[in-house]
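Chemist: Here is what each chain is made of, one letter per residue.
4 protein chains.
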Amino acid sequence: MNKIPVAILGATGIVGQRFIELLADHPWFEISALVGSQRSVGKTFREACNWVIAGDPPSYLLDMQVLSLEDELPCKIAFSALPTQVAKEIEAKLAYQGIAVCSNASAYRQHPNVPVLIPEVNGDHIALIEKQKEACGWDGYLLTSPNCTTTNVVMPIAPINQIYKINKLAVVSLQAVSGAGHPGIPFLDIYDNVIPFIGGEEEKVENESRLLLGSLQGLEQKPSEMVISAQTNRVNVSHGHTVCLSIGFEKAPSIEEAIQIMKEHKGPEIAQNLPSSPNGNVIIVRDEDNRPQPRRDRDTDKGMICTVGRVRSCSILDIKMVSVAHNAIRGAAGGSVLNAEMLVKAGYIK
Amino acid sequence: MNKIPVAILGATGIVGQRFIELLADHPWFEISALVGSQRSVGKTFREACNWVIAGDPPSYLLDMQVLSLEDELPCKIAFSALPTQVAKEIEAKLAYQGIAVCSNASAYRQHPNVPVLIPEVNGDHIALIEKQKEACGWDGYLLTSPNCTTTNVVMPIAPINQIYKINKLAVVSLQAVSGAGHPGIPFLDIYDNVIPFIGGEEEKVENESRLLLGSLQGLEQKPSEMVISAQTNRVNVSHGHTVCLSIGFEKAPSIEEAIQIMKEHKGPEIAQNLPSSPNGNVIIVRDEDNRPQPRRDRDTDKGMICTVGRVRSCSILDIKMVSVAHNAIRGAAGGSVLNAEMLVKAGYIK
Amino acid sequence: MNKIPVAILGATGIVGQRFIELLADHPWFEISALVGSQRSVGKTFREACNWVIAGDPPSYLLDMQVLSLEDELPCKIAFSALPTQVAKEIEAKLAYQGIAVCSNASAYRQHPNVPVLIPEVNGDHIALIEKQKEACGWDGYLLTSPNCTTTNVVMPIAPINQIYKINKLAVVSLQAVSGAGHPGIPFLDIYDNVIPFIGGEEEKVENESRLLLGSLQGLEQKPSEMVISAQTNRVNVSHGHTVCLSIGFEKAPSIEEAIQIMKEHKGPEIAQNLPSSPNGNVIIVRDEDNRPQPRRDRDTDKGMICTVGRVRSCSILDIKMVSVAHNAIRGAAGGSVLNAEMLVKAGYIK
Amino acid sequence: MNKIPVAILGATGIVGQRFIELLADHPWFEISALVGSQRSVGKTFREACNWVIAGDPPSYLLDMQVLSLEDELPCKIAFSALPTQVAKEIEAKLAYQGIAVCSNASAYRQHPNVPVLIPEVNGDHIALIEKQKEACGWDGYLLTSPNCTTTNVVMPIAPINQIYKINKLAVVSLQAVSGAGHPGIPFLDIYDNVIPFIGGEEEKVENESRLLLGSLQGLEQKPSEMVISAQTNRVNVSHGHTVCLSIGFEKAPSIEEAIQIMKEHKGPEIAQNLPSSPNGNVIIVRDEDNRPQPRRDRDTDKGMICTVGRVRSCSILDIKMVSVAHNAIRGAAGGSVLNAEMLVKAGYIK
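Residue numbers (my numbering), protein chains in the order written: chain A, 1 to 350; chain B, 1 to 350; chain C, 1 to 350; chain D, 1 to 350.
Chain A on its own, in the form it takes in the complex:
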């Protein structure tokens, strides 16, 4: 079987590097283009990239030339790790040209016809693509993965919400530094410290959670009407976001039921058994008092699962819990790769 050629947009940045790491040896996809900013164009990847994640880049990419966003890209899928402003212009252009754009950028997450997808949560929203193509007049299409923190918030509670409707949600996050990219946060600002603010993050968590926990009526996205309040903090952790959740229901499940629902959750059939799917549970519920922890739990099952713990009752809303996921894998590049795999399984890409 021939692999599907894919491009990585923003390939030299920290999310671009994660895309490379996840796609370097992918069973369905092969990297056919690395696309960078003006500073990098024309250089080899070796020259252009300051590799900041562990180890070294795949050796077969070292001499690949970095392409420009203006170039025609030899690919069927484009994974986008572009900055918002650039994404706005380029992603639409590529979709227009017939490319399937799997974006990690926030530019189109609030667009009414662009799905924000976590396959196991709302994989069925993929159906929006047809409407999108028509409405926008594109040959290709565009889908996005949510903000990294939203991923942690939504993954564990979505299956509960399908049975016991959530009407209130309080989120306090303890987010890893890699969420701000590289160079990102100076050591001198975050060492021995907490920064109780991340620009735009609270709004993203609130808006995207409502979308992901909403429904599709006809081909219309109906966001959840739950009330959400988010407080986002940066802590000196490298990778792995932690969120403390407090959840209110119209009619609450028992703690045991909530745990059971999370443990058994598999997501829709279309989202299962993809190459990047977790091998075991999508949500791991731990019993120990002192888990989940970002350093100990972020890498479980290739960094593609969400680990939950301390599920207990809340005296203000109904249930409290803590959720950890790898912000740069499940919450960013890995989420977009999973979205693309679902596109293939659903027959959108051949």
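Fair warning: there could be bad hints in the mix.
Keeping only pairs whose Cα atoms sit at most 27 Å apart, straight-line, the calculated DSS-like set for lysine-lysine is [what the hints assert, rightly or not]: (1) D/K168 with D/K3; (2) A/K251 with B/K168; (3) B/K222 with A/K168.
Just a few of them, taken from the derived set where beta-carbon distance is under 7 Å, the chain D residues facing chain C [said to hold, decoys possible]: (4) I4; (5) N193; (6) I195; (7) V235; (8) N236; (9) S238; (10) N290; (11) I316.
No wet-lab data here; the hints were simulated from the structure. The beta-carbon is built from N, C-alpha and C at its ideal position, and this holds for glycine as well.
Chains B, C and D: place on chain A using the hints.
Modeler: Same frame as chain A, but now just chains B, C and D:
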């Protein structure tokens, strides 16, 4: 004027060392006894103590012999940094012997006749002492400072609560490692990590906040009936606890009013202008989006103030804010020293 | 083929856990016994062990009962992660009973008939075993891996020393916290800090380096007579020791020659192509100015290689370089496993 | 007495902020001008500065307007925290205009008529000023403080070198992140890591140490002819450089003598009892095995001393020791302020 002789119980531990730091050059008190566990008794302080805070111990204490908890202590005030179990027995004994015990331990915080005090919050609860002496048959008496995290929670909201009654309170803490003492938390457990659990802490925050925000009716403590939900986390910060608060009121003030009340708060007259009082505001409200931060704000005004920021409305309860205070100073040794100073000002100790 | 049954002594400690990680799925060995201290004996491994490395212990070990050091051990090889004092007594006893003891403890490293082995460095010293069995009257035998820091020092310079004799060696180490075990170093001692002292470490580096760079004459160990000076420091890095080396030769090679020798080094045939051998070079020499770095290089090739960089001339001795290796894998458990694999390949164990 | 007006060049950067901290309440100097880059000119200091050290800027400076390097500066002394390239042009211009420039930049440290000064080490080199004014045709003059790492290296060994001539010096540094300024090093590069390279640093340490340990013959600087080899590393410490020294002598003192000389060192009379001088010893020699440590020793005596420990014999050269000093205070801004104070005491500025 002769200084008042004071003993430090648990003098070699990390809170004991803070007591020493704060009392070494105190205008009203002089350290007359250092008391340690069996391991230390009979040694000089130099031999017994592994000094873990910055700099060196005061040189005049280096050759002082560490006394035993069995010894008769040459002091009027005993500052206690004892472990709970030991505190239970010893603190009552010393109070019985006529000593004023200012304790940082949790052993007696839930005792109906023992006040948990933050001078600027509930300094008037000092009146419980008379009832306590009578009820317990003690010549001395016992007062406590609250758990370090409770301090951050209660200081900024107490003055608002006096005008606008709080009925719900959600707390998520990001606590410093020094709260667990020394050796405390191994580097290998907390580096690049968050630990979402601190044994007993959530209950302490909930119970002590209700006491501190409660009232004294006659000589009866009436805890606040507000509903509190606490989630406590350890982060890799050395000193300075951060708490994210969400506050619900019977009738809520505006954000501006809440800020104004905090800025103008001075506490009762008996709590003002003590040697360890902050020189400026008790509560500092910062405008910047990204403050307070533990490393940048914990040491302001000798570590005795509470810094608040991000005061804004909450979609679930009414008002959200972030509060930082120095857990080892304001939240522990410094709080107890301030309590003792208030005792002197109130005429309990001569 | 039946796998060889192996025991892990000190299985609940941090090096013991590394042994478990490396042996859990080993092609030649199977874990037949987990041995712990009095505190753990009789418990299941699940109950006895506070797993501190990433992820979880292999599930098939969770219900294995922890054995006592007094028990008869159902194994042919015992991997020892015992404290020195305990190792002294137990390792000799097990060797006497016919077991091959591969020790990570320091107790016998200075014994004249016990080899300190890094297979690629002095694999031929394995021949000492015959003399040892005879001299000690043991049915089994005992071999050790060196101190973790010595590993970094010796691996890169040993092949150069075989051609260009080293006569002076200055070592300054920047060592990871995990070298001190768990709980090991308190966060409050090492955060934002360097500790310029590690008890006994400088002597170990000096003595063991001389042994490893020495020769075997007949069956007599002849330590190198080089002059060594070591300064050892603890830095707040979790894993991966860094050493700055300055090397003097009787007659020095050029920088290019030294690099070439390191790059081409494979070690003796008996040490090659073992299950835990690196897949590529034993020593990786990097060109970049700012490498090696412990976090970026420690995990290369399963943590079993040594990465060198900044090879340049020294104005006082002859050549300077920086060397990084994973202290807990190559420098501890992984080194001992490699030693055992060499025993098997050499026919000592069937 | 009227205070002497001083300007701070590069006032918004991290060294500029340290100058402000040290000069805000200085008995002899008053800040009359804050000078910044184009980005800051015309703004108030409040608007222009991202204050990154603890606490807040002095309130009386918040509304001072940031001046341009082109402006005429209302000052007698200019403290320079400029980048090298800018310093090259501006510092000469200011000296030409009659201003005494006390620079922390490296631009002129190798100029034959510009002294690199540590008052207690080579305060007498101040005499070069006369020659400099004549040779350069300046009304003012220019003096520099050395690179922050050089400070640690030279301070403890200079007094020994005056009696026992040093002929070889091996330096391995473990340097703090703040030495690279702000934003400086990204958290993602240095967390859990060591970077074994700092551009240009090894050359600076070698060249400047030879100057500082050299002599003035007539008005000619004669650098020491000692052989120096430096290896510089970045560690994840915020402030406080640590250096491991190995020192060779023509004829070596005993360890006890070396310690005695360091303990008794006061520096030339002209360097003593200045406002920023340490209150006690210039060099503190500690007995404990595990000191000095950057976090515990950097702030001693206002951050203006150098703390030494582990003084012991070296098997390759003669004596080894470890030295710690505050890179941003003694090694940067504080050193330049002390230089300026010496100028005043010596009568150069009235």
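Chemist: If a hint holds in the structure, say so; if it doesn't, say that too.
Modeler: Checked hints:
In summary, the hint linking D/K168 to D/K3 is not supported, as the alpha carbons are separated by about 44 Å, beyond the 27 Å threshold. Taking the CA atoms of A/K251 and B/K168, the gap is about 20 Å. The hint holds against a cut of 27 Å. The suggested pairing of B/K222 with A/K168 is violated, with an alpha-carbon distance near 31 Å, which exceeds 27 Å. About 36 Å separates the beta-carbon of D/I4 from the nearest beta-carbon of chain C, more than 7 Å, and the hint is not met.
Interface restraint check for D/N193: the shortest CB-CB distance to chain C comes to about 4 Å, inside 7 Å, so the restraint holds. Checking D/I195 against chain C by beta carbon gives a least distance of about 5 Å; that is within 7 Å, so the hint holds. Taking 7 Å as the C-beta contact cut-off toward chain C, the hint placing D/V235 at the interface holds, the least distance being around 5 Å. Satisfaction of the interface hint for D/N236 is found here, the shortest Cβ-Cβ separation to chain C being roughly 6 Å, below the 7 Å cut-off.
Interface restraint check for D/S238: the shortest CB-CB distance to chain C comes to about 5 Å, inside 7 Å, so the restraint holds. A cut of 7 Å between beta carbons decides the hint on D/N290: the least distance to chain C is about 4 Å, and the hint holds. Using the Cβ-Cβ criterion of 7 Å, the hint placing D/I316 at the interface with chain C is satisfied: the shortest such distance is roughly 5 Å.
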